[in-house]
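Since the structure of chain A is provided, determine the placement of chain B on it from the hints.
Here the protein sequences line up with chains A and B, keeping their order.
Anchor point for the first sequence: position 33 equals 32 in numbering that gives the first Met the number 0, and the numbering is continuous, going up by one each time.
Anchor point for the second sequence: position 119 equals 118 in numbering that gives the first Met the number 0, and the numbering is continuous, going up by one each time.
Honestly, the hints are just simulated from the structure, not real lab data.
Please note that a few of the clues may not be correct.
Which copy is meant is left open, because identical chains are indistinguishable; a pair holds if it fits in one copy or across any two.
In the BS3-like style, the derived pairs of lysine-lysine whose C-alpha atoms are separated by at most 30 angstroms in a straight line are [claimed, not checked]:
| # | residue 1 | residue 2 |
| --- | --- | --- |
| 1 | Lys149 | Lys107 |
| 2 | Lys100 | Lys2 |
| 3 | Lys107 | Lys96 |
| 4 | Lys95 | Lys2 |
| 5 | Lys95 | Lys107 |
| 6 | Lys45 | Lys96 |
| 7 | Lys95 | Lys45 |
| 8 | Lys45 | Lys100 |
| 9 | Lys45 | Lys107 |
Being a predicted model, the structure only gives us computed values, none of them experimental.
Protein chains: 2
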Amino acid sequence: MLKNLNPYLNAELLHVLRSMGHGDELILVDCNFPSDSVAAHTVSGKLIRMEGLNVPEVAEAILSVYPLDSFVPEPVLRMEVVGNPDEWVECHHEMKKVVDKTSDREWKFGSIERHAFYERARNAYAVVCAGSERRGYGCFVLIKGVIDEKGNVV
Amino acid sequence: MLKNLNPYLNAELLHVLRSMGHGDELILVDCNFPSDSVAAHTVSGKLIRMEGLNVPEVAEAILSVYPLDSFVPEPVLRMEVVGNPDEWVECHHEMKKVVDKTSDREWKFGSIERHAFYERARNAYAVVCAGSERRGYGCFVLIKGVIDEKGNVV
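Okay, chain A solo, but in the shape it has when bound (with noise of 0.2 angstroms):
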């Protein structure tokens, strides 16, 4: 465990979220995901898994250190419902919440439909799966953004 650190944080995570840049972009899903093959065609290869945790509680964690990326209008993507593209399930409110929690400012939210999603996260850094998150369209695109030299985000 480490000092000043949300405790989900563990060494895989970590090493993930640091080794990303501006522009990358990390992919948090929920447990009916294709994780596992979806993360093999990623950047860094890698599925990160949280069992016993659901995407809000992985979100508070990630967004807890990882600042959002101000030069795009829409840092964060959510999976559109089939069918239904304009609706917010409660994954979607949950997670704005969140990013309104750990953040400075207000970010906007984008959507992305569900095939277009699976094709966005394959060119994505990394997928990290809230294992124990059974809700519906639970899967987010969150876009990596920059620290200045002060330690703010831009």
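Showing chain B alone in chain A's frame:
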């Protein structure tokens, strides 16, 4: 880069620090230490080279997240000057300042003879070399402590 973290904590160093548990020992050394050959014998087999940094700089990064061990009387050990084991050289004094600055209490320093240090280091978890530390005897054992359920160092 990550929010709320010392920028010198790179992916490999974070991975090592988070992988360690209570009682595991980290070795922090200057540029003359036989880092590579000693690291090959450690538990992880890892040498983390921090080029461009001196011992106090690397120590401050490590100790911003790494808890020292309250279960032992001396959780920091300095390498003794050959022929003058009680002498505190500049690196020793500077390390004391960093340990005090990054802690909620005063930790006691122990000391260890040069060859005993090598032997101890071979049984440690990993070696971190401050590549730009040119001063002598900038060599330390840091014994890892415990974080309680509230996030405090025990």
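Taking the hints in turn, this is what the structure says about them:
1. Lys149 <-> Lys107: within (24 angstroms within a copy, 32 angstroms between copies)
2. Lys100 <-> Lys2: both (21 angstroms within a copy, 14 angstroms between copies)
3. Lys107 <-> Lys96: For Lys107 and Lys96, the Cα distance is within 30 angstroms only inside one copy (12 angstroms; across copies 44 angstroms).
4. Lys95 <-> Lys2: both (27 angstroms within a copy, 19 angstroms between copies)
5. Lys95 <-> Lys107: For Lys95 and Lys107, only the intra-copy Cα distance (9 angstroms) is at most 30 angstroms; the inter-copy one is 46 angstroms.
6. Lys45 <-> Lys96: Within one copy only: 27 angstroms inside a chain, 40 angstroms across chains, cut-off 30 angstroms.
7. Lys95 <-> Lys45: within (25 angstroms within a copy, 39 angstroms between copies)
8. Lys45 <-> Lys100: Cα proximity of Lys45 and Lys100: one copy only (28 angstroms, versus 37 angstroms across).
9. Lys45 <-> Lys107: within (27 angstroms within a copy, 41 angstroms between copies)
Violated hints for the displayed structure: none, as all numbered hints are satisfied.
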